[in-house]
Each structure stands twice: as C-alpha cells, then as structure tokens.
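Peer 1: Chains as they are written, first to last, in our numbering: chain R, 64 to 648; chain V, 25 to 579.
Treat the hints as calculated values from the structure; they're not laboratory data.
Derived pair list, reagent style BS3-like, types lysine-lysine, alpha-carbon separation capped at 30 Å: (1) R:K573 <-> R:K605; (2) V:K317 <-> V:K89; (3) V:K86 <-> R:K574; (4) R:K574 <-> R:K609; (5) R:K605 <-> R:K574; (6) V:K84 <-> R:K574; (7) V:K317 <-> V:K530; (8) R:K221 <-> R:K609; (9) R:K573 <-> R:K609; (10) V:K86 <-> R:K573; (11) R:K573 <-> V:K89; (12) V:K86 <-> R:K605; (13) R:K221 <-> R:K605; (14) R:K124 <-> R:K145; (15) V:K317 <-> V:K302; (16) R:K145 <-> R:K122; (17) R:K574 <-> V:K89.
Predicted model only: the values in this text are computed from it and were never measured.
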Amino acid sequence: MSTSIAQAATPFAEDQLSEIRRLVGGATAEQRLWLSGYVAGFQAATDSPAAPAAPPAAKAKLTILYATESGNAEALAGAARKSAARLGFAARTVDMMDTTPEQLAGAEALLVIASTWGEGDPPQRAEGFLTALMAEDAPGLAGLRFAVLALGDRAYAKFCETGRQIDARLEALGGTRIAPRLDCDLDFHQPAAAWIDTTLREIAPPADEAGAAVIHVDFARPGAAEDRTRAFDAEITARIILNSSRSDVETHHVELSLAGAGIAYEPGDSLGFSPRNDPVLVEDVLRLAGLDGDAAMHAALTERLDITTLTRAQITDYAGLTGDAALRALAEDAIRAAEFLRDRQFVDLLAAAPHKLTGENLTNLLRPLPPRLYSVASSRAAVGEEAHLLIGAVRWNSHGRARNGVASVDVAERRGVGTTLPVYLKPNPHFRLPADPAAPIVMIGPGTGVAPFRAFLQQREATGATGRNWLFTGARRFTHDFLYQLEWRDWLQSGVLSRIDLAFSRDQRKKIYVQHRMWEARGDLFAWLQDGATVYVCGDAKAMAKDVHAMLLRVIADQSRRDADGAAAYLREMQRAGRYLRDVY
Amino acid sequence: MTQLSRNETIKGESRFLRGTIAEGLLEHVTGGIAEDDQQLTKFHGIYQQDDRDLRAERAKKKLEKAFSFMARLRIPGGVLTPAQWIAMHDLAAEHGNDTLRLTTRQTIQFHGIIKSNLRPAIQAINAAMLDTIAACGDVNRNVIASVVPQHAAVHAQVLETARAISAHLLPHSRAWHEIWIGETQVAGGEAEEEPILGRTYLPRKFKIALAVPPQNDVDAFAHEMGLIAIVEGGSVVGYNVAVGGGMGMTHGEPDTFPRTGDLIGFCTPAQVVDVCEKVVTIQRDWGDRSDRKHARLKYTIETHGLDRFRAELSARLGFALAPARDYAFARSGDPLGWVEGEDGRWHCFLFVENGRVQGEMLAGLRAVAAQHDGRFILTPNQNLVIADVAAGHKAAIDALLRRHGLTEPGVLRRNAMACVALPTCGLALAESERYLPELITTLEAEYQRCGLRDDEIMIRMTGCPNGCARPYLAEIGLVGTGPGLYNLYLGGAFDGTRLSKLYREKIGHDAIVAALAPLFAGYAADRRWGERFSDFVIRTGVVAATTAGNRFHTA
Ligand code: SRM
Ligand SMILES: Cc1cc2nc3c(=O)[nH]c(=O)nc-3n(C[C@H](O)[C@H](O)[C@H](O)COP(=O)(O)OP(=O)(O)OC[C@H]3O[C@@H](n4cnc5c(N)ncnc54)[C@H](O)[C@@H]3O)c2cc1C
Ligand SMILES: Cc1cc2nc3c(=O)[nH]c(=O)nc-3n(C[C@H](O)[C@H](O)[C@H](O)COP(=O)(O)O)c2cc1C
Ligand code: SF4
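Between the sequences and the hints, there should be enough to build the whole structure, so can you do that?
Peer 2: Pasting the structure below:
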C-alpha cells in the first residue's frame, strides 16, 4: 500500500499489478528488501541485455538531480551517487537550486529525485528550476535519458505531484524515460533503494554478473545520518504545557534524557519518533471491521500501521475487498471522492460502510505508521545530554468526531514524565547556525516554529558567539500563548537576544502575524540583510512560510528599490549563499 | 520632618506624570511596565494588574504574571450618551474582557486590557469624547453626584457643578494626551505648572460627592468633601459642606479607620468650586506625605483639629462658610424600576449586580442604546439609569429589557454591593464580587424563612479593608480578612449617616449565615414599626452605635 507503481507507466496489466501490490504491500520491510535484490539479481542473471555487456570504455555520465526541502531527496541522491560510482558511472549530484534546464540539455542520463511540499508544491529551493522547466521556452531535451523518483506523503491529495510533473515534462520536452517513475510514500527507504538500484542498471547495465549480484543497499540504512531503526528510548524527564490554562491551544515543552544515547544533535536538527495510535481509535477501527483483534493485531494497529490517514486508493481497495458497489462508485468519481476524503480519516470509511473484514484485509488496507519529526529546542552546549522538544497538540473536530494528532496527542496524553520516547536523530544540515559566530541572524518562527531558535540562542550563549540575534515570533495571545516568554526576556536583558518582534494574532480584531512585524521593521530588517544576516524561517508551511517569503521579497524590493525580479534575485542569491534557510512543516 | 514616601519622589521626578511610561509601552517582551511608572499611570486612570487566578501556574510555564491593565473613566456625575455607551461596549469587546464594570464612583472600569491594546483603548475613549485623566492617583477623583433625573432642573444644576469642580481640579499636565493620544510634546513639558495640585500633586487621593437629599446614593459622608444640595423653589440655592470622610483602613492598625465627614457650613453655588479648591490646597499643604496610610484628609483633620482646619479654610477663602442648612436623607440605595420625572419623562433604574455588565445584559443595553435618544446615567451604587425616556417610548424599552432578561432583584440583593476584589485587584484578601451573589442567595432564603418580605436591608462587601464598596456605611458590612474569611460589621445607617461596628471577626460562609439568621429572626419578631435593621441591632444591643470615625474600633 505504501508505494505504488505509477500505473500509467507500468508494463503490467491490472491483475498483475494487484498481484504485485498484494505481495509487496503485505511484505515486511525485510521481505521487500530481499525482493528488490531478488528482482535486480534476477534481471541481471536472466536477461540478455541489448546494451553492451562490456563495461563502457569511458565511464557513463550520470547526473543525479534532486529537489529537496527536508533533506530526504538529497540523502537519497547522495546514496545513489555512491551506488552509481560503484557501478562504474561518473556520477554527480546536483541540487535543483543550483542549475537550470539549459544546463541539463547536455546531460546524457538523468536521475531525478524530487519531493513534494505544501499542497502539491515543489520544495522551495527548486521553484526556480521548475518554473523554467515548465515554461514555454524550456529547452528541448531530445537525447536525454531520464528516470524520476518521487517522494511524497500519501496523506496529501497531490501525492508526489512534483515528481509526476517533472516526469511528464521531461518526456514532453523530448527525453526518453528509462524506467517508470516510482512514487514513494513516507516509508521510502527500501523501495527507493531498490528502484535506484534497478534503474541504474537500466541506464548502463553492469559489466558482469558478479557486479550485478552485488546489491547496494547501504543507502537504505543511512546509518549515522538518520537511523529510524535504531531509536533510543529517551526518558521524559519533564513535560510542561507552556500555554496558560486559559489558552485554547496546548504546546508541550518536553525534556528528554539522552544519557548514553550518543545522539549528537546540532541546533537545527530534529528528533523523530514513531508514535502510538490512540487506543480508543484502535478499538473503534477493530469494532467497525467486525474484529476482536488478538494481541498481535492490537500491537500492529497501535504501533505499526497508519490508522488515521485516508486516501482515495484506500476507498478503491476497500470497495474491492468488500464488493461494495456504492463505495466503488464513490472511489471512481474523483470529485465525490475528494469531497468524501476532506477532513475524514480511515475510521470514517469503515463507519460509512461497515463490513466484516479479516485481520489480513484490514492490515493490507493500511500503510505503515510514519514517524513524526520535532525540531530540537535545546543545545547540547547548554543542556548536556538532554534534548528539549516543543510539541503543539493537534486537535480538531470534523464530521462529528473529535480528532487527535497521532504523535502530538500521544505525547500530550500518554507519554508522561518517567515514560520513554523512542527517538532517532534527523539531522538537518540545511538549517545550521552560521559558521561565523560573529555573523548576525534573523530568526522567524511563530508558534512551535520557535523551537530551533531556542536551541540557536542556547548555543550562541553557551559558546559566547558575538553575532547579533533577532527573533520574530508570535502566537495567538500574548498573555496565554507566549512560548518561553521569560527566557526571551532574560536573553534580551543579558544581550544574547538583540531584538524581539512579536505578533499575537488574536489580541486585537485585526490579525497580526510575523510578516506584518517584518514590514513594520523593514528598514532595520533590510539593513541586517545587507550586513550579511542569515534568515531562518521555521514553522507552519501552509501559510506562514509563504507569507514570510512574500514579505521578504516585498521588504527587499521596497528597501533596495528593486523590482519584483530584482528582489527575487536578491533572495535567491541569499539562498544560494546559504543565508536564507527554512525548516517548515 | 520624617522621610517622604517613595511616591513623593516618583511624582517629583516624573516630569509631570510622564516618567518612562511611553518607553515602557514599547517594551514588547513584557506585559507590564516599570514599577515607578505603575504609580504614574494611575494619574492617567490606568492600573497595572495581574490575573491572580493564574499566578500559581505562570512561572513554571515560563510565563511572567498575567499582566493586564484596568482603565477607569472620568465621568463627573456619571452621564453618558447612548452613543458613548455603545463605544464603550465596543471597546470592552475589542480591547478589554468584554465586560463593563460600573463602579461605586459612578464610572466605568475596563479590565483585562493588555499592554499592546492600551493605546488603542485610550484613543477609543478619547474619540468618544471621554477620558481617564485623574480617575486614579493622588488627585481629585471622579466627582460623583446624586442621580435624580426625575428632578430634571436640580439634577442639571448639580451635574454642571460636578463637571465644573472636576474640570477645575484637573491636572494641567498634557502627559495623558502625549502618551496615550499621541499629541506632540510642547517643548520639554517642564514648562508646565500645576497651580492647584502642585508639582508633586496631592499627598493622596481626594474625593468629592454631591448629594441631593433625600437621596444619599453618593454617601455624602464617605468622601473628603460631601456637598449636600439645598433645594429651594425647585432650584439649588447652595451646598452644605462636609469634610473629612473616608472609608479605608488597615486590619490590625487601629490608628486607621473609616470616618464620616464633619458638616462645617454652607456655601452658595457661586462659591462651591472655590471652596473645593481651597480644601484641596489645604490638604495639599497639610497632608501627610511621609505615610500614605495616614495621608487622607480625614487624618489631616484628626491631626490638626476641625477648628484649625475651618479657620484655615476661611482664611484661604477670604470668607467664612454660612451655617449649614437643614436637610434630611432617606436612603443611600437606588430606587429601582421606572420613575416618572417632573417633566413627564421616565427613568428606569436598572439593577446591575456588583456593577458588572456582561453577556445578555450588555447585549440588551446595546439594543436599548441603539434606539434611545436620552441618557445613560451610572449611579454610585454600581447601577445604571436609562434616563429621559419619553412616555411613548417606555413600553418599547421595557420590552427590550425584559427580552434580555433584565428583571428586578430580590429584596436583599437590590441594595447589595461588592467591590471588585479577585481576580484583578492586587489588594484583595478575599473574594467579593464573585462571592457576594451566592451569599445573598443564601441570606435571602434565611430572610424569607423568618417571614420577612419587603423590608430592605443594605448589605455591602469588600475583599479587603480599603472599603471600595463603602462597607462601613452598610447595615451589614462584610470585609475580607483572608481567603474565605470576613469581618462582619453591623449598624451602619440605611441612609448612610452612621458607621457600623465590628460584630464578628474572621468568619466564613457558614458562620456568616449562622450569625445573621438569628438576627433576621429577631428583627422579624421584635422590630418596631418602620424600624430599620441597623437601628434594630443597635436598639437591641447587638452592637453599639459608632458615633465618630475615631470611635470605630472602640466597642
Ligand atoms: C472599582 C472600585 C470598587 C467597585 O467595586 O466599584 C474600586 C476598586 C479599587 N480600589 Fe477603591 N474602588 C472604588 C471605590 C472606592 C471607594 C468608594 C468611593 O470612592 O466612594 C473607596 C472608599 C472611600 C475612600 O477612598 O476612603 C475606595 C478606597 C480604596 C482604597 C483605600 C484608600 C484609603 O485611603 O483608605 C484603596 C487602596 C489605596 O488607595 O491604597 C483602593 C484601591 C482600589 C484599587 C484600584 C486597587 C489598587 O489600588 O490596586 C481597586 C481596583 C480593583 C479592580 O480590579 O478594579 N480603593 N475605593 C471603585 C472605583 C471608584 C471609581 O470609579 O473611582
Ligand atoms: C522537520 C520538521 C520539524 C517539525 N518540528 C516540529 C516542532 O518542533 N513542533 C511541532 O509541534 N511540530 C513539528 N513538526 C510537525 C510534526 O512533525 C507533526 O506533523 C505534528 O506534530 C502533527 O503530528 P500528529 O501526529 O500529532 O498529527 P497527525 O495525526 O499527523 O495529524 C496532522 C494532520 O491532521 C490534519 N489536521 C490537523 N488539523 C486539522 C484541522 N483543524 N482540520 C482538519 N484536519 C486537520 C492535517 O491533515 C494534518 O496534516 C515538524 C515537522 C517537520 C517535518
Ligand atoms: C508541510 C509538508 C507538506 C507536504 N506536502 C506534500 C504534498 O502535497 N504531497 C506529497 O506527496 N507529499 C507532501 N509532503 C511529504 C514530503 O514530500 C515528504 O516528507 C518527503 O519525504 C520530503 O522529502 P525532502 O526531505 O527531500 O523534501 C509534505 C510534507 C510536509 C512536511
Ligand atoms: S476593597 Fe480592597 S479588595 Fe475590594 S476592590 Fe478595593 S482594594 Fe480591592
């Protein structure tokens, strides 16, 4: 369920496809890994390839182009390069931010790894490239052989949209698709690894069988970089709701002991953990599926399977399983399906049309439960072997049900002090303090977006960094939601924090957000940019990051008397220089 | 001479009430302002407070105290236009806590204004042709006046006098306009003078009330100056002058006490502003600036003696006051319900429980204000009068009020008042506004059990001995001593002319009910015809009558 083969592009018939789906979907991670190797090996061993069997005289050139926001695509690209090198390619990785479609025209073989953000948007750093690629005057790419690996999250309506668009566009521009695109869900590691391996062989089949038999799976286990499989059970030593009891939101400050974990996080990194589903919801799902559920089933639904996300494919599959004609009709009507999916979860599907399922039926309908990431809100230089997280409890109502964010409410309600959280490190090399301790920084992070900036200030204070620090933050209400207020106040007093600009949206009739404060401070803000400040943005991706981005452009245009293009170029240059960094979600 | 109190230095160095208030407003990381500035904003009618309900949880949440500000209007005589009422309602909804708090000094308090909203709030007040200048602080406070719209001509005269006194005694400093409204400073501000109040203003607050007998809704004897209108031929011919009243005291400090003012003579309407000015200047020059607990005019008079005071006043005035004229007070509570005026217009006295206008009542009054072309008048009993309703409009307004559930209270509730106390008042020792309604409900049940029905008893409660609801002038006074505990005072006169006496100390809810129930029963059984509850408890020896403030603590 978690990874689909883009149907239009497959050489398989529908029934073959569902066979594959059944097999792959039901497989454990280990089984899938084995399968991918098996397929690659099988192909190498049995095919008599049309391509030359001898190693290419000159090394085949390969460009691995990636579009990333939070680093997954980049990590895969790096791993792919290593594999390619081992297979004899002259491979290089290129960030979409650093190139143009023209520069691709010369490439022979191209592997694209692209994630999707926002609501089906490209990662911000790749926007420029994609605009150019989609433009009417984009260069012809005849002669280019390409394959696209798309990263995404099935919970979003526009699943893997960026990858899809790139895939279609490269073909339209005259390129030749070497391998069908793979759309990966959040558990992309194994399927991506397998796909990369087979695809590399498609591009330039290895010289001999021995080489072919070597399955390079190391990138599926990125080791030190990000290792979900070796989570550390960190004890929760403190958990405090920072909002006042009068607030309508709940943000938890969580302190974890990392004693002995060897998790050497840097300010800017995140910790991930696999949450447990709400036990009440687990019971609801079982009941609606007409199942009692043994201990193993309970464990699977609680710890391993995603029982909240609902996708159109699940409606289709459920209709297929149950022979429910009404559901099938719903699934087939894109508009009605979208309408049904809005603000609904898996449990609503079962409730809308309850059918008795087998345990296997049920688990096959569900994708693996993805882990959740939280920015570290502390610096080891200040707190030692601890990590602090700032977790906003996500709660809402829809279709007559009270809904809880899986991970955030797991922490808020079921992970008390003394219990543990199985955390792993998710480094974010693109969100680091400037190497120069004297360089100024501007931090923009309303809500939980302020978390990494607490880490930044702790770090800069502990290391005696002299650079000026300016924070824009905010929340709903000053009195009840000002996260870490006393700490900012103390840092202002001690001079660690040079300036704070606050936006509390609900303290007055007219909503005030950080971008409004940026505009009010535009003169100083631009002066800081001119002084070489690095701008960091963290927090909500849906609205905040976009509004802040637009405001940065506006401030730059206004203060430097540039037109829109000039301002965009200024900001792009900052981005290229690593002075405009975002960690948004 | 003993050392000046800290406040004297703050005032002296404030550049006429500016201090660093404006700078403090720009310090966004804190919801508060500097300590010294907190003393100065009072002169602008603004108090820094914090939500005491939340104190315990704040520090561990890495939050400072839940600061917000209370702003108090200056409305001499308490008269507003319906449009002003609506503007104040809007202000409370947008910047405050969505309540209007009618006070015992005939004005409105806004609670819960956070720092970032202070300027917009004060500007909205200014835009409605109102202000908060000198509503608090060591100055002459809001001048209050009896609410007698049914005597239109007399009321108009008294109102005019109240406004004239208020205007005359206002600080001259432009600080309020600069800080809150954005008026640009006139060259340094230092050139200003305070010809009446002086550079360090008064030693303490100063209060003036104008009463129109028989109505003593203002409690004429509870203030620095009580001016009792003498009406002849349908017009005010002058005022009896009482001086040296006040309520506040401190538990356990018997040299602090409530005091009823002394009647010292009579002046004409033409003289009255001057009389007020001269009393103010005597207090300015003689008042105790070393001990703020001993700085009110009542102590100045106790210290110097009434005769010396009177002589000084004559000297400063250049004439002696005429002998006081006859007058008689009947009650200090408001008449509730519709009252027909001499001119045929109607006035509806609405009961507002503890002055807190909120929820359905706010909505109802807004609806009334939208179609009312008369006035809204706040009373010193925390109530509200919809005044000047043409006979033809009465039914419509009545219907609106009923639709919003504004009905008449029970017999004990109608004269009951409580001060604000928790959670905003920083000085509260016990609940008041949030507790009295419940206590009254219990007491009304006891009262009815004794077979009593229509005999009013005046009950007042405060959360501390400062006496903001003038509890020492109530027939039953309850004054907070600690959480859930109150001193019970009895024997204050129904017409506000006699102080009460301590009856029980530091008792809780059950003990209060237990103490009062038998007295209700006794009153029901043994009272004389027309005898007030307070007179009954004195006649039957439950408590002794308090004849003067300095005898308040003597049994
Ligand atoms: C709102 C009001 C009570 C009410 O429920 O209506 C009130 C509320 C407060 N009074 Fe009062 N006083 C109020 C009428 C009075 C009265 C009655 C009167 O003026 O007729 C008195 C007794 C008369 C007198 O002054 O003696 C009164 C005597 C005090 C005192 C004691 C003063 C003294 O010298 O003894 C204080 C404390 C102080 O000034 O240090 C005080 C202080 C306060 C403060 C501002 C607390 C503080 O200083 O931090 C209270 C604000 C509470 C809040 O959260 O709103 N308030 N206060 C009244 C507002 C009047 C106005 O609109 O100006
Ligand atoms: C790099 C990174 C860093 C992060 N750092 C932090 C951090 O420091 N602090 C933090 O709190 N979070 C952070 N997040 C977000 C965090 O990972 C989780 O996404 C978040 O906590 C929600 O997870 P959940 O399991 O509680 O909710 P989920 O069960 O995943 O539910 C969230 C989903 O519910 C739906 N939803 C939510 N609200 C509504 C609504 N009102 N109406 C309808 N549908 C709704 C949306 O589909 C939403 O995507 C970060 C994310 C990333 C990628
Ligand atoms: C805020 C946010 C929005 C996202 N929007 C989409 C989306 O619209 N469609 C999709 O398929 N995936 C979406 N994703 C999932 C990401 O594409 C996925 O996490 C991917 O692994 C990220 O790869 P990257 O680290 O290379 O950027 C979103 C993720 C986040 C955090
Ligand atoms: S009487 Fe005391 S508790 Fe009540 S408002 Fe006045 S100062 Fe506060």
